Amino acid sequence: MEPKRKAVHSRNYPLYIRSTPMENELKFHYMVHTSLDVIEEKISAMGKALVDQRELYLGLLYPTEDYKVYGYVTNSKVKFVMVVDSSNTALRDNEIRSMFRKLHNSYTDVMCNPFYNPGDRIQSRWAYSPYLAAAFCGGQSPAPQLQSGKAFYQIIADADGHLPSR
Amino acid sequence: MVSLLTVCLATLLTEKLPWTAASARLSTQAALMGAAPGRGLEGNAKQEPHDGRRRLRTGAGDHNLFTSIYPPLSQQLPREPMEWRRSYGRAPKMIHLESNFVQFKEELLPKEGNKALLTFPFLHIYWTECCDTEVYKATVKDDLTKWQNVLKAHSSVDWLIVVVENDAKKKNKTNILPRTSIVDKIRNDFCNKQSDRCVVLSDPLKDSSRTQESWNAFLTKLRTLLLMSFTKNLGKFEDDMRTLREKRTEPGWSFCEYFMVQEELAFVFEMLQQFEDALVQYDELDALFSQYVVNFGAGDGANWLTFFCRPVKSWHGLGLRKPIDMEKRGLIQRQEAALLDLRGYLFSRQCTLLLFLQRPWEVAQRALELLHSCVQELRLLEVSVPPGALDCWVFLSCLEVLQRIEGCCDRAQIDSNIAHMVGLWSYATEKLKSLGYLCGLVSEKGPNSEDLNRTVDLLAGLGAERPETANTAQSPYKKLKEALSSVEAFEKHYLDLSHTTIEMHTSVGRLRSAKLVGKDLAEFYMRKKSPQKAEVYLQGALKNYLAEGWVLPVTHTRKQLAECQKHLGQMENYLQTSSLLASDRCLTEEERKYFCQEILSFASRQEGSPGHKVVLPMHSFAQLRDLHFDPSNAVVHAGGILSLEITLCSQMPVPVHMDQIAVNVHFSIEKNSYRKTAEWLTKHKTSNGIIKFPSEASPFPASQSSLPALELSEMFERSPSDSSLTTTGIICRNVHVLLRRQESGSSLETASGVALEDGAHVLKCSSVTLEPGANRVTFRTQAKEPGTYTLRQLCASVGPVWFVLPHIYPIVQYDVYSQEPQLHVEPLADSLLAGIPQKVKFTVTTGHYTVRNGDSLQLSNAEAMLILCQAENRAMIYSNSREESSTALLRIQSSDKVTSIGLPAAPAYHVIEFELEVLSSPSAPAAGVESSVLASPEPPGKQKDGQRAAVGMITMDHKVSIDCPWSIYSTVIALTFSVPFRTTHSLLSAGTRKYVQVCVQNLSELDFELSDSNLEDTGQASDLRIIPLSTQPQQHIHSKQSVFFVWELTWTREPPPALNGRFSVGFSPAAGEQLSVSLKPYTYEFQVENFFTLYTVKAEILPAPGAQYCRTGSLCSLEVSITRLAALLEVDKDEALVESDDYLSTKLMYEVVDNSSNWAVCGKSCGVLSMPLAARATHRVRMEVMPLFAGALPVPDVRLFKYLPHHSTHSSQLDADSWIESDGLPVDRRLDDQLDCSSVWSRGSVHSASSGELKGLPMPRLQALPTGQVFNSSTGTQVLVIPSQDDHVLEVSVT
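Protein chains in written order, with UniProt numbering: chain A, 1 to 166; chain B, 1 to 1295.
The following block holds chain B by itself, in its conformation from the complex:
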């Protein structure tokens, strides 16, 4: 028994596969089934291939062998996947092979040039059960040979011989040849090189391990061979296809033919469940076609394309419900398809495959692209399309796609993928809308006959409904037909669609798109004369455009809104919109004029019915640019005239006559506020008077400009432990302002928010014509009550229409003040100097008082201060705001006690200013009685230290009382003068000759010329003569410098009397014009007494005996000789005087002081000695001193004090430990000096004279001798000291 089988692909298309049962041959077509990797769409996906396979029938009748094997074979073959290696580097895939087996027939073998891949026999199998050599030789061999020849003739190399072994049969036939089996024979005879082409299948129907093994081997072989053949043939097919494609430039090439070929490939992939690959085939076809259309547009037309340029006759949309639209496919095959047919078929296939691939959203996206491109292609190919046909087609297609997608997805999936579908929805809406407009379904009256004809034509092009949707209630076809049937139905469908679309857009956040659809809807409603429904959509859209600053859409939408509001009779809103439109620069002049006229005509219409006001915001009508006050500082006195000029920039295209323009003003009184006083206002509130208002960028949202600037500041954070920087950054301090949620649009259209304020204070300006552009409007008012006036609102009215600027910002205020008359007197310079003429400024603030002619100021003269009357005094008169000024002569009359200043006439709220010169006598400070070295004269009681005077200057206050004409009370004014000089005197001695030195120090900033310096003795001592040593008559003294004057004192009688000196010097400013008045000299009084020299002290240092020079470190002797020059004098009669017998002596204490530490005094450095009161009496004291340094060292200082014993009433014990009482005189001692002098004072302190509680203690006192009484003749002498010889280090001290 022999079976012959051919395995080939099952096709989806062949209704009946041609096979016939031959006696010994069985040909089977094998369908190769790829395993579907995903199971989701399997139900759909598998449907088709299965159908195809089921139509196949395996042979019946006498091919028992195959029939018995077929069930396990067909069952087991697809069980194991095979790796499918593919050409062109495509990734290998695992596929399951499923085959159809068809009885072999020669006619089935493909002829040369066969393009059918689906019916292609991939593998021919010869089944035999023969186990008998004889039988083999007799029949099977021949049969095989014949079969092989047929195959060879068709150059088919894919074959397999299967030998089925059966044990049962073997047993019956005992005459088998043991050595060569049938298999070997067959291999020998047929498979000369391909021994694997012959397989043994043992006991296929038994259930044994051997059977299993042989099955597995057989199946593996079968799969391998099948796949091999498949790959080879597929590759060949693809190559052929490519070849065919390359021929596309040849004239006879037809796209439709090629389409069928490549689609064949797609089918194969689809059956292998390689949907991706199948889709690629369609996409390639799609791209190829698109390219042709593009090329056609570029002028490169292909012949075959003209088929597709036929006029569009039918526009029933896409049909996606059938997996394969055989009808359309047939059209393509017959080359009768129109462009829409081809596109429709292609897309339906793509859609099917995409749905298999579970990519429904891609379907939606591609559908939109397809619809757009179809419209484009038709346009490009210049295909004639009846009006509305494409709209129908697109509408139907959109709905079809949407329904198809909805049909295969659940609700949740759809909800989360609305973004993909919304495009189709809005496209469908758009198309339905244009259909409605086309067919006259949107007009109020309904369609006319022409519209009806068009509708009929359009419906005709739809054809009959497809059978697959015939039973669907909501099919796109039915929807369209219904929508076009009547106005009402159209409205229902259109609103339905629009609302769905808006909802969808909104739900995915596409608010702008939603608004746009809403606007279309509004247009529709307007056409349908239902403006109340349109308004909400228009408002919504407008808000959105305004918020984002889209000017043109804003204008357009506003125009629509205006119309809508007009229809609705919302007069106020309409007028407001009109004013916005009239000022809109995006519109043409005519349109703007129209809207402006709308406002004006409304205003004139309503003239008759007063009381009703329409309040509109001003910014669209006119804008406040700037504001200007006169007086410019916006401060006016009560009763004064204030004018206010504003610049209004009219936005209207035509001149508009306003009935009235008014500014509402709010009045407030701020009491006790320094800032509202007249002085402060007139002085500080100075500006140029122009307040600029930021021009509103009205069409734009506040977003750009009004947001405050970022307030950024640095931030450093240091770690608390080691204060190293851990964090740094920038902080925005006003985040809360910047990140505030934007109030969407509420502030943009403040239609209702404008309220008229009623205020008592209104600035008005009637009958003003506002020209387009800038206009100046001036308001005048007379100031009444003092206080602050704040401008609140600006209103402009035309009839009942009021344009109101609700807030004037920045805040604008003007102030009205009243003022009491006042007088101020102040020096022109920082401080007044005594002795020279100084200018003083008088300021009379008239306030509410009007100065008449004859009014005068009465100044009561102070003694030491003169008011200098110049020949011509002029006064300046200013207004309070310092704007106007005039001069007037000033009449000054002086009498002994009173100086009268006649004021010029001046109106109220003016200022009179004039300057007067005053002169204060440079009164000399009374000199100190004591002839101290540094006499610091105490200021006289009248004088005090002025704060303004330079440091150290003596000041004097002069009080002037002034009587003002406006007041019964006198004004007392204190003027402070500073004495520019400080004077000190000192007594100088040279042996017995005496000199007086006066030092004049200039403390002021001015330079002076000193002249006629003079010193005279005011005492009556005629025997004292004063001889000036400086003879220069004039001396220049610069600022902050000093001049010294020296006189020698001679006397005729000894001792000379005390000197009561009076120094006087004339002075005048060095730089300056000749002064009209003679100035008084500067005087200084002082007293010098006891200046007669009583003692001379001489100190001498002698080197050690035998040495020539003093040496450092070696002792020298210091010899101090104190000589008295006079006998007993009046001055000696004090406590120190000791009288014993005739011998008078006084106790003196000497002290050697070396302040510079050059000398070390060895032993006592001080001592008390008793000095006889006789002329030429001399005391010598010797001391040991040691020089500490080398060089010329100054001799140590020797000081002499009067040593007063303790008070006689107390025990007169002279104690070494005693106290010093300095008795008010500067005892020039310091603590370290006392320590030096340790033998006398172990401790001591300097006491002031007033320490009276110590007076009771028994202690001696030291009294310094007056400076003139002691002359130290060795002051300033130096002794040469040379370094000791063995000194290795020479120490040089430079002091």
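Excised from the complex, chain A in its bound form:
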């Protein structure tokens, strides 16, 4: 593996991670962490194709028996991951997409906070009752001060499928 790539990849530390059912938190952490593999695969595959009109939404990263893991990556390589219950059939692609968009907006708000030091863990009581879990994580790119290449995740394991309301 070329070193530069490794530098990007080795910096996928969580910025924010939250899972609403606390009992399975560890499992979600493992799951989200593992999903980074697929995100990286998708990003590098995308990098070859269209960089300009890139779709931020990465779609379903991989299904598991019980959960579906969705991914989203911003232009600055901040990654969002969402895990939803597989049995929650009400959550279609469009819903997931719009949830990610809202998540992205929230993240942008956090970044706009002058008291937030980019790269720090995000402290937020940003929990919505419909969610069982939500999480962000981050990592740094070779240009750390520019804060690109962060991962930003959310785990949502929930049956209702309500969208986050701000």
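Everything labelled a hint here was simulated from the structure, so no lab data went into it.
A hint or two may mislead.
[As the list claims (entries may be wrong)] Heads up, simulated EDC-like pairs for lysine to aspartate or glutamate below, C-alpha to C-alpha not over 20 Å straight-line:
#1 232(B) to 196(B)
#2 559(B) to 25(A)
#3 42(A) to 369(B)
#4 764(B) to 626(B)
#5 141(B) to 165(B)
#6 221(B) to 165(B)
#7 1164(B) to 1184(B)
#8 478(B) to 465(B)
#9 593(B) to 626(B)
#10 68(A) to 369(B)
#11 322(B) to 491(B)
#12 68(A) to 362(B)
#13 27(A) to 523(B)
#14 42(A) to 415(B)
#15 559(B) to 85(A)
#16 42(A) to 362(B)
#17 206(B) to 165(B)
#18 27(A) to 257(B)
#19 313(B) to 465(B)
#20 1040(B) to 1007(B)
#21 566(B) to 591(B)
As the structure is a computational prediction, the values presented were derived from the model and not from experiment.
Starting from the known structure of chain A, arrange chain B on it as the hints suggest.
For chain B alone, coordinates are given in the frame of chain A:
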């Protein structure tokens, strides 16, 4: 001979197509074959349709005609592709038609509501060879009619009549009707509107161009009609199917029935090799079913779905080796299929089609989705599943899919598509693992009876192995069965799978997934009690999580690792991990306490065996927060006490009693370094003494915080030719640091890197209990050797366990110094002023010397400087660090020569500070002897220009020698005083009256009060009187300003003697309290001589005769009259004196100078005249001048010089070209003046008096008369000049 044929689709399913040979009719089913566009999978793809077709038999026996035509027909029909236009806007496709021909039978015709598309007769063909009208009328017509009626009865409109013409037969039958052929008759009789339904095929078996032509026409027609019929019937079928689907909400609707119908369509597409379309049919079925399950979950259950909710009885996995699993299909048809059966069948079909489409990777992906969704669906439908059954099913299915894919791809393809397969591999691994746990195959003891029972049940559900895999050694079935058979076999298979999965993940770069599988494997090994194998996986995973800062996984993995290390007996590693865990806030209090206790109990156990040290890094145990020195600047003199207080933040959940906490210190001496001198240290190293250490975000990698900030700078590049900007940008100067390859994790867990340093200097603190949270620990030390001490390591020990902070960063140092006693004397203000009391600060740095009572400084008095003893002098005593201070009285005793200052007692390394007032006499500068206009007195030899004094101030140095008690040598200190004033004097004349003006200029920053100004004559000339004109007793003089004093000189005897003036004025600071000492006045001495007026000069300008005023441009006369006021005087006795007879005269030179260029002097502007030395002798000189401007112009200046002839010893030739010798006096001439005076001097220069080499030349000299001797009475007069009348331009000059 008549043949009747029906073309219909061959089916894949009908084993035997029902056809019978009728005497004159032949019914043939035609299979329509689409051309396969790609050839890759053709072998597989074509297999089935071909099989189906081969089972068909064409009629034999007496339908000779068709039999003879059949071979070329079946051969040629699929040769040409046809464009297939499709309904619903689907894209047209080119297909090749291949048909099966079946003998016509009425039973074959589809009844109303027939759903079978495969056996559908698409086209009915009637073959006839009849060329005889009679025969036609007798049999063929009837036959045709009957056939048509049958068709009509079944509302079939797709038919064709083929008339085969044969030349040979024609020839035999001569009685043909020439005009109407059989064809026409048939067309007439049957095809009333559709004449194209009757075709002629001429001589089909001959090889002629005519035959060829007729074949082509026939085939085209046949294809068109066939396709037309096919399209129509397919459309009808699809419509029917849709109708059926729309009825799905009706109660009696059955999914299985519908399934069979839509599958029929799929078969048709498959046979046309339209696999894409075929796949769509299955996908639609799939989606429909999924939707039903979802709806069921939402409470909207369909009746038919309850069939699928039956408990799962068998879980033999997917079977993908047969293209069509007839057995399962039968189950579905009979509505006996369970959910897994249906799903399995559906997927096997999809798989087959995807493989036809060369999309094996999609198979893998879909398989994973299918397996997940099946598990979900079973859960959603609440189907009862025996434990482990699904695991078996998933495991078998995964392997089946993988083997199927591997079976149809080569190695290279597989290698490049591992990413698609790895999901299945890891799923299978996961399932096998859970099976192992379920069946007790992972435990150390092996399965118990309950486990065995469960295993038997599970194996029973697998059923018998499928026949198609029975001979495969590695079939999924065999693998599972073997894996479940024994602990060893399970281990083998599980490890096999796990390793494959890890390898695959690694090879596609999914390192995190690989680590996760590895962790599972580690868990397995731990269960199997082989921790040494588990360790490497745990370490690998932990490194990864640490590097990416995933806290919870880190904690979890660490916990596993701790257990593993404990089993392995790696005490040091275990203790380190335990300390990390004990400080881990993700764990519960109990868990943390447990791990903390582990460390402590180890420490107490090992108490007995000393010598062995376990060195652990400190950061997990406690963190150094800050450090505080006392004295706060961390500088201490030798022998002083230094205390060091550190804040240690204990990370442990419980109080921990430490045997000892120690700081290792490194000692170094820096010699000849100014920065290590006592002065520098005590002055500069001032801080608040608290050094903060950045708190380590220990669970996170260094990535966030430790990376240096970007050093960016702008960059401009200009083109060398025209220096225009070509490039601009930003450069990062520390790219090499930022883009450095990250050393993965090596710095994170520095288990082995900690080494204890052995240093001679150690600060220790024994028996300390560290409470959870912040603790303050104080170290005390007495400074010994001077030098720099650097804190290196911090160690805390409990028994044999040493927690070491290997480096203290930022660097912390303290300095120890020793110092010689010293005395400094310096003025308080920037410069000392003479004449008024000034404060001087004495600083005694005691250093290592202790000042006792009675020690004193002995100052030898300088003459001109007094030390003023005040009533109460106080000294301040500070410690070197300026922290403590006290005051003490100072005893000062003065005698004539020595002033003794008794120092207060002070300990070593202290500073005594006190101030003394000194007064220097404002000694007057000796006045210049000459009464020059600007006398600049030379400073006396003792004085020099001090650097600190204000510009122009005269300074004096006073040296004081001081004897110090600590030294046998005297210290000599020079104090520089500045005289605050500068004084100049000047002589003023008014006719014969004389005045002296003294100007006092204050150069200092202070304001002064001047008083008692006085001028006295120090010479003994009693006939000279000095009358002051300024009578103010007191004068205020501001800083940087001047005050003038004027006196009139009168005398009684003429000429008056020289004046030796002495000016004195008392002064005191304007703002200030009353001074205790009387101050000496400021004095200034000067001399004025020859101030008696000898000559008066008067210049007058008269307008031209007759004119009233002077006019510009017209000549006026300038009349200069020079009058001598006295007879021969002492001063006249010089070289200019000419004595002839009794007539004494002196030579004077006059000169008219107009500096402002108002006048043009016409003719000579200067001249030499001989002035008789007699009172009232007057010389008049007239000159022509012309005013150049109008207005009141000042009269030109007339200057008078003494004209000295050249030295008598040389030839006394008065030359017009002569030199001027100024003889040390300022001759106020400039070069342009000399040019004006061209008749006398063509050239000249000003020489200083010292130019002696010119003395030998015969030349006259000019000597300026002393200022007092000449009085110019017309100075300042003005003449009115009016402009000339014809001037058109009035020029006004304002100067």
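Here's how the hints hold up against the structure:
1. A threshold of 20 Å between alpha carbons decides the hint, and for residue 232(B) with residue 196(B) the separation of about 18 Å falls inside it, so the pair holds.
2. Pair hint residue 559(B) plus residue 25(A) holds up; C-alpha atoms about 16 Å apart against a cutoff of 20 Å.
3. A hinted pair counts as satisfied when its Cα atoms are at most 20 Å apart, and residue 42(A) with residue 369(B) qualifies at roughly 18 Å.
4. Between the alpha carbons of residue 764(B) and residue 626(B) the distance comes to roughly 17 Å, so the proposed pair stays at or under 20 Å and holds.
5. Distance restraint check for residue 141(B) and residue 165(B): the Cα-Cα separation of roughly 17 Å lies within the 20 Å cut-off, and the hinted pair is therefore satisfied.
6. Taken as a hint, the residue 221(B) and residue 165(B) pair is honoured in the structure, with Cα atoms around 17 Å apart against an allowance of 20 Å.
7. Only pairs whose Cα atoms come within 20 Å are accepted, and residue 1164(B) paired with residue 1184(B) is accepted, the gap being roughly 9 Å.
8. Between residue 478(B) and residue 465(B), the direct Cα distance comes to roughly 8 Å. Compliance with the 20 Å bound is thereby established for this hinted pair.
9. Taking the CA atoms of residue 593(B) and residue 626(B), the gap is about 26 Å. The hint is violated against a cut of 20 Å.
10. Pair hint residue 68(A) plus residue 369(B) holds up; C-alpha atoms about 11 Å apart against a cutoff of 20 Å.
11. This hinted pair does not check out: residue 322(B) and residue 491(B) have alpha carbons roughly 32 Å apart, beyond 20 Å.
12. With a CA separation close to 19 Å, the supplied pair residue 68(A) and residue 362(B) stays within the 20 Å bound.
13. Proximity of residue 27(A) to residue 523(B) is assessed by CA-CA distance (about 15 Å); at most 20 Å being required, the pair is judged to hold.
14. Restraint check for residue 42(A) and residue 415(B): satisfied, since their Cα atoms lie roughly 19 Å apart, inside the 20 Å limit.
15. With a CA separation close to 28 Å, the supplied pair residue 559(B) and residue 85(A) exceeds the 20 Å bound.
16. Annotation: proposed proximity of residue 42(A) to residue 362(B) holds, straight-line Cα distance about 17 Å (limit 20 Å).
17. A hinted pair counts as satisfied when its Cα atoms are at most 20 Å apart, and residue 206(B) with residue 165(B) qualifies at roughly 11 Å.
18. Restraint check for residue 27(A) and residue 257(B): not satisfied, since their Cα atoms lie roughly 43 Å apart, outside the 20 Å limit.
19. Restraint check for residue 313(B) and residue 465(B): satisfied, since their Cα atoms lie roughly 15 Å apart, inside the 20 Å limit.
20. Taken as a hint, the residue 1040(B) and residue 1007(B) pair is honoured in the structure, with Cα atoms around 9 Å apart against an allowance of 20 Å.
21. At roughly 16 Å between alpha-carbon atoms, residue 566(B) and residue 591(B) fall within 20 Å of each other, so this suggested pair holds.
When each numbered hint is compared with the structure, violations occur for hints 9, 11, 15 and 18.
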